[in-house]
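Chemist: Chain by chain, the residues run as shown.
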Amino acid sequence: MHFNLFVVPFTAGMLILAILLAVRYIKWLSDLEAGNRNEIGGNLFTIKTLYAIREVFMESLLHRKVFKTNPLLGYMHMSLAFGWFLLIVVGKLETFFYTGKFANKFYYPVFFRFFEPTPHKSSLLLAFNALMDFVLLVVLSGIVIAILRRFRPRIAGMKKITKHSPGDRLALIALWLIFPLRLLSESATAGYSGNGSFMTQSVGNFMALFLPVHQLAIVFWWMYSISLGLFMVSIPFSRYMHIPTEILLIFLRNWGIKTKDHFSGFSEIEIQSCSRCGICIDTCQMNSQGKNSTTQMVYFLRDYRYNQLRPDLTDNCLLCGRCNEACPVGIDLTQHRLLQRKKKEFEIPSGFKYLPVNQPVEKKDVIYFAGCMSHLSPVISRSMEKIFKTAKISYLFLDKNGSVCCGRPLKISGQFEAAQKLVASNRQQIIASGAKILVTSCPICYKSFKEDYHLNIRVLHHSEYLLELMLQKKLALHPSGKKVVYHDPCELGRGSDIYIQPRMLLSHFMELVTIDQEKENALCCGGSLGNLSINPEERNAIQMATAGYLNSVDPEIIATSCPMCKKSIAQFSATPVKDIAELVVANLEALSESQKSLKHHKVGQTIEI
Amino acid sequence: MKDWGYSILKGRQIDFENNDFSIAEYITKHEPSFRWCIGCGSCTATCSAARLTDFNPRKLKLLIQRGEIKGLADEIAKCMLCGKCQLVCPRGINTRNVIQNIKRALNTCHAL
Amino acid sequence: MAINSQHIVIIGGGPAGLEAASCLGTAGYRVTVLEKEKQTGGKLLIWDKLFPEFRNSDKVLNHLSNGFKTNPPQILTNAEVVSVIPENGQHRINLSDGQAFQADTVLITTGFKLYNAEKKEEYGYQIYENVITSFDLEKQLKTGNPIRIEAGLTPRRIAFIHCVGSRDIKSGNIYCSRTCCITGVKQAIEIKRRLPDAEVFNFYMDLRMFGQNFEELYIEAQQKWGVTFIRGRVSEIAENKDNSLQLKAEDTLSGRPIKMSFDLVVLLAGMVPEPRTVEIGKSAALEFTSGNFLAGLDSHISQNETNTPGIFIAGTCREPLSVAETLTDARAATVKMISWLRENETSHKKSLIKRDND
Amino acid sequence: METEGKKRVWEEYQKEIADDHYFYVRSCIRQTFFPGSETTFLKILQNDLKKDVFEDARHTTCTGIGYHTDIVPLETTMTVIARHFALMTEAGYVNIIPSCVTSFGLYTEVLDTWRHFPEIEAKIREYLWKATKREFKVPENLVHTSDIIYKFRNRIKDLSKVSLINKKTGLPLNVVEHIGCHYSKMFPQSGVGGAEFPAVLTGMIEAWGGTVIDYPERRHCCGFGFRQYLVKANRGYSVSNSKKKFESMQPYQPDFMVANCPGCSMFLDRWQYTIAEMEGITYDSNGTGIPVLTYEEMAGLVMGYSPWDIGLQMHQVSVEPLLDKLGIEYKKEDKYLGSNGQNIGEPQKPMFLIV
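Residue numbers (my numbering), protein chains in the order written: chain A, 1 to 609; chain B, 610 to 721; chain C, 722 to 1079; chain D, 1080 to 1434.
Any given hint might turn out to be false.
What the hints assert, rightly or not - Now the stretches of chain A that chain B is said to cover, found in silico as 3 or more residues with beta-carbon under 8 Å:
1) 340-349
2) 528-539
As the list claims (entries may be wrong) - No more than 20 Å apart at the CA atoms, straight line, and that leaves these computed lysine to any residue pairs for SDA-like:
3) K619(B) x S1364(D)
4) K1311(D) x N1422(D)
5) K759(C) x N809(C)
6) K980(C) x Q622(B)
7) K770(C) x E1000(C)
8) K611(B) x K1247(D)
9) K1323(D) x D683(B)
10) K840(C) x K1085(D)
11) K260(A) x I243(A)
12) K668(B) x D927(C)
13) K258(A) x D332(A)
14) K1247(D) x K1085(D)
15) K759(C) x S726(C)
16) K619(B) x H1299(D)
Stated by the list, open to error - Listed next, with one range per pair, are the computed distances between beta-carbon atoms:
17) I1199(D) x H1021(C): 52 to 58 Å
18) R1087(D) x P641(B): 33 to 39 Å
19) K353(A) x T1148(D): 49 to 55 Å
20) P641(B) x E593(A): 34 to 40 Å
21) I895(C) x T1211(D): 42 to 48 Å
22) I895(C) x E593(A): 53 to 59 Å
23) R1306(D) x I895(C): 31 to 37 Å
These aren't lab readings, by the way, just hints derived from the structure by calculation.
By construction, the Cβ of each residue, glycine as well, lies at the ideal position given by its N, Cα and C atoms.
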């Protein structure tokens, strides 16, 4: 009993899926870095696991992040994921209460209404019946949105929507068919047996008016089962692999695992967790401003999954990190782009024999490293020198006569070994100086010093350092009332989480105005060294758009704290673009000017910078 | 072999007909801006590596285009990829990608 | 119909001459144009397309011939001027066939002559079949036939050599002919348009892209058409066994001598003064520039006047100019001429009145 | 190649060549390298063309080698040359014909200097007087001996017994002509045909039935260049220059080379041996190298002189293949017989170059 041939496709599908998943999970977990496994062991029976469960519920089922991006889009995902989840859970409960025992054939709940055509008497079961109908209705509503959205993305607030591979399309269609078919089969059955509830029964009765529902039912059940089976089998070969994988990802991530400088089993899991929702397409400035909608992470990960990754797809990315912030699955996308750039062919570490070794360095507590780019905007280092002087700080200008590159530009173009040579050279100098504080004006250097140099001294970007000096009353800054907007450099903001310090500093002596896309969502200036193959037109488009955006709040001054950003924005900005250090110096000088002619000033008069 | 006390020299002349342009072609294909150079030399002037060693990106690019690629790998390895050249180039050449593609080319066209 | 009795003779029916003629005609003067060839239009007749926008030279020729709606000038072709002699406040213009004209004022627009590239023996013009000048190429382009070398084959690699007979003390011309650089770029692009698979190389000393959209065209040549520019003056050309040409130059930017073979070499020959211009100038006791062009009175404020009152100069007979510049120069000259004629007329009248009073 | 254009160039560079009464000045080095050449020249002019050629045993080097290697100051050189002029004047001659291109170049240079700076000429006259109590008139006509042969090329053709044609095929021989740098590169007006397309050897070759090869490196120096050759460490430069020329002419399969400069003919001949021994290369098809003649030797062969009388046995690259092509009879065993009929001994055989 409780068997009909049509259950075979579904059952087979489930089995195949189960096997394939098992195989993959084992492979990935065995590819984890040694350290990772210990971490898992250490964290398995901690609160972190509960956090993970909560996150799975919130993200994988409710899709909280997607809701944030767009409520309708969120509802769509939720209705499908959570709805389906409920169908399974509630369906299982239903059979439990019906049969009184928990163990049943696993396909039994799925085709429950086929196997149990006689209408329920108990109010509990009737309630379940109604609940199941309701959930199905919710899911179907999600499907409707999904289908509409496919043809009119803006419905779900998306400008561009992912272009899918044929495999994905097949899976998608299977998925779309499942629930309508479920509706039809259950309705047909209800049509002759009356075991349906408010939706299925009414649809069933309607069908019965002009259709031989008794004969049709079995056909629909077959199609339902086939579409289920088809979908199950397609999962491992389509983007829907993200459903099982993401759950695994969430656990591992909560246990403290991330993708570092090596590609590991975890990286593989991350990549497989991409649902290709396409949210990263809109957030990417290469698309929104550079008019290039082929290079986004969703395509990068897709091509990677099908091993057809082209160099330009790896190279043509600003590494600005905006997609990281937007990704609902929370994949460290830029890190993956970076790891794919890592290629032996580029590594010629032998080239740096000329670098200074063990040169005597003056002993100082504070050293300043301007960075290559700052040398092309000398106003920044000049300002810093003045500030050191004013604050009476004895320091060493380590790269006064030009820098040895910090190594990050090499690293972000995939040359980790070569980069290490530069790191070693600079590191030796820094340590030799015996400094306790290293100040740099370049966010690129800053990130590199922080992450790759393993210095046990304080590393500060000048925006942090200037704030400190001010708070220590070593710099007397006076309100000028000028309206300023601050541009977050990628490497400093999203790259190193320095959002507050520059703002605190600026707001102390200027009128800092906010702008929609700032901090985590700040735009990239377009100058990024991260993108290797961007062409001049695309670059200019991004620079122009960002400059335009910052001007849109019509500030008197655009402030930033990166020589590269300064250059890129200034190119296309009507408003003067100043480094934070310049503004400090201007303020100090205005002050000293005013002190010279103090008697002419009334008390409380603000000083113009 | 008897010692002549002198030997036949290979000239310094660029023998265009018998030179190897595979690298140049590869780069031009993958980074067309490689062609746009007018040899102004601002890249070399600003180059972080050129400050410390005998390295001349302008000349390097030129020799590649003339098919003179002997010792290219050793030369290109001196680049720190810091990107200053890209900021100063008046013709908007994507210099860092040129360097990157020189390295790719060295691998795909040659094992130099 | 002339409303003014004063007579102006223009020597030379090229772009400058015709443009001036139409301006003066419109201003109501009686103008005679003396053209030594059997047809007016000068070098424009040879030229196919004009830089920088590849406009067809006929367009300019039409403009010039359409300038004569009102009060057309008298145009004499096959009229070879030998001398211009100042004669009691007027000028006597003598032709080789014995004819003579009286004019109140004369405008010399005798143009330039192409530098004889044979003089640069090391380039073997007229010795190696496949060494030609920019003029020869332009003529070939004008026919519209596909570009072929002597053997009837399609050239695979073509070289342009800049500054042939310009900026070269050995050829006696230290001045810059100005228009060859952009001509080289223009013709290089035209070759790439017709033979996309051909390689084109330009050997230059400096590229002087002085005019509007010239630099843009140079960039286009590099970026869109893939023309290669090598900085270095070609020292010598020799012929290979297969009649291709071996060039030697220094690739100055790499500091290395370079040797290359080409199927076709185009010499961008410079501008030199017409020998006849020199004769005429001497006959009228005019002054000359160091390059033996006719010298203006002042290099800034009066380039079209000469040291002989009543004789004016315009166009490439006074310095190398592009077509556009030539036309502008011609128009400028006419303004100076008209004001000169007015003054003389009045001073002439004054003297008459004065005599009456005596 | 459009010879019309070439002719136009040649017409621009016609020089006046006196047609009799020559004061002959020998070359220092040729008498040891190719001693037959100058004798042959004198024989042809005096016996065959019945010209008056006078030479003075007291004449010395022109110091060219010393001068060009910077060990003899210009004044000394000028004074020595002034002395040659004095010998000429004393002998009652006005036409001077140096057999050496270096001397010819130097004489030309000196006369040109004096033309521009008469005060120097005056000073030199003073030096010469102080040193030797001699006085001189500047020559009325200074030409190189190859100019003389060029002038009489058609007379020689009339008297010739052999023409530069391959007896077997009946086709003209392919001849590479090489002009000494100092012949016309310094003073193009002083060379027949100028510097770019000198006609002096071309004229002879074409007059005597051969065809001239115009190969890309035609203009290139043979590599002698005094400093380059005389300093052993520098000889690499010298041989590399010759090599460049050989590589460039090889595709044209020349039957022989002819040069009008002592150094050139010497080096084009000897370096073929050196290159063969160093790199195992020759530039002909059968490993014997490309024969090199001086223009006098070429004239001698055309006039039907015995190859051994005009000193062809002194060549490093054996001339026999050429003689066979020309169909000239010769006795192998006579090759190394001296004028006294005794065998003067054979040179050692090279390792690679076939002789």
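Chemist: Starting from the hint list further up, note which numbers the structure goes against and sort them upward.
Modeler: 3, 4, 5, 7, 8, 9, 11, 14, 15, 17, 18, 19 and 20
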